[in-house]
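Each residue of the sequence shown is one higher than the one before, starting from 70 at the first, in this note's numbering.
Fair warning: there could be bad hints in the mix.
Simulated restraints on C-beta separations [said to hold, decoys possible]:
#, residue 1, residue 2, range
1, E178, A126, 29 to 39 Å
2, D177, P150, 23 to 33 Å
3, R170, W122, 45 to 55 Å
4, D177, R124, 37 to 47 Å
5, E151, A97, 23 to 33 Å
6, A79, V155, 13 to 23 Å
7, F138, R115, 27 to 37 Å
8, H142, G112, 37 to 47 Å
9, W147, D98, 27 to 37 Å
10, G118, H167, 19 to 29 Å
11, A79, S145, 18 to 28 Å
12, G163, H191, 20 to 30 Å
13, D86, H142, 21 to 31 Å
Just so you know, these hints were derived from the structure itself, not from any lab. Note that beta-carbon positions come from the ideal geometry of N, C-alpha and C, so glycine has one too.
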Amino acid sequence: MPSKPTFDDARPDPRLDHVRGRAAELLADGEVAGHLLVETEYGANRIGGRLWWQRWATPHEFAIVLTDFGNDHAHSAWVQPEDFDVFDQWETDGFDEHGTRFTVRWLDEEASARVHTEVFGHHH
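Required output: the full structure, derived from the provided sequences and hints.
The structure is reproduced here in C-alpha cells:
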C-alpha cells in the first residue's frame with residue numbers, strides 16, 4: 070500500500086475542458102476591473118489505513134481559481150468536482166466578489182497565455 074497517492078491513472082475531468090488553463094476578464098459596467106484564471110491539479114482522498122498502509126481513492130481533477138483586481142496580490146480558491154457547475158453559473162449569473170457582481174468574458178488561448186504571464190506571473 071503506498072503512503073502517498075499515485076496519479077498514474079488520473080484523467081482530466083471533461084467538465085473542465087472549457088475552462089482549464091483559461092483566463093477571463095471580470096467586467097464592471099463594461100470596463101475591465103480584474104482577471105480570473107483557472108488552473109487544475111489532481112488530488113486523492115485517503116480512504117483508510119495509517120502510516121505506510123494508507124489506501125487512496127481514485128485521483129480526481131480539481132480547479133484552482135485565481136482572481137486579481139489590481140491590488141497587491143491574487144486570491145485563490147479551490148473548486149472541487151461537486152462544485153464544477155459554478156463555471157457554467159458564471160456564464161449566466163456573473164462572478165460575485167464580496168457582493169459585487171462582475172460579468173465574465175472568457176479569453177482565447179493566446180490572450181489567456183498573456184494573462185497567465187502578465188497578470189499572474191505564471192508561465193503557461
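Status of each hint after checking the structure:
For the pair E178 and A126, the supplied restraint of 29 to 39 Å holds, since their beta-carbon distance comes to about 32 Å. Range check, D177 to P150: Cβ separation about 26 Å, and the 23 to 33 Å hint holds. Checking the proposed 45 to 55 Å range against R170 and W122 shows it holds: the Cβ atoms sit about 49 Å from each other. At roughly 42 Å, the beta-carbon separation of D177 and R124 lies within the given 37 to 47 Å, and the hint holds.
Between E151 and A97, the C-beta spacing of about 29 Å keeps the proposed range 23 to 33 Å intact. Checking the proposed 13 to 23 Å range against A79 and V155 shows it holds: the Cβ atoms sit about 22 Å from each other. Our hint of 27 to 37 Å for F138 and R115 holds, since their Cβ atoms are close to 36 Å apart. The supplied range of 37 to 47 Å is broken by H142 and G112, whose beta-carbon atoms lie about 24 Å from each other.
Between W147 and D98 the Cβ separation comes to about 30 Å, which falls inside the hinted range of 27 to 37 Å. The hinted range of 19 to 29 Å is not satisfied by G118 and H167, whose Cβ atoms lie roughly 41 Å apart. One distance hint, 18 to 28 Å for the beta-carbon pair A79 and S145, holds here, with the actual separation near 21 Å. The hint said 20 to 30 Å for the Cβ distance between G163 and H191, and at roughly 25 Å that hint holds.
Our hint of 21 to 31 Å for D86 and H142 holds, since their Cβ atoms are close to 29 Å apart.
When each numbered hint is compared with the structure, violations occur for hints 8 and 10.
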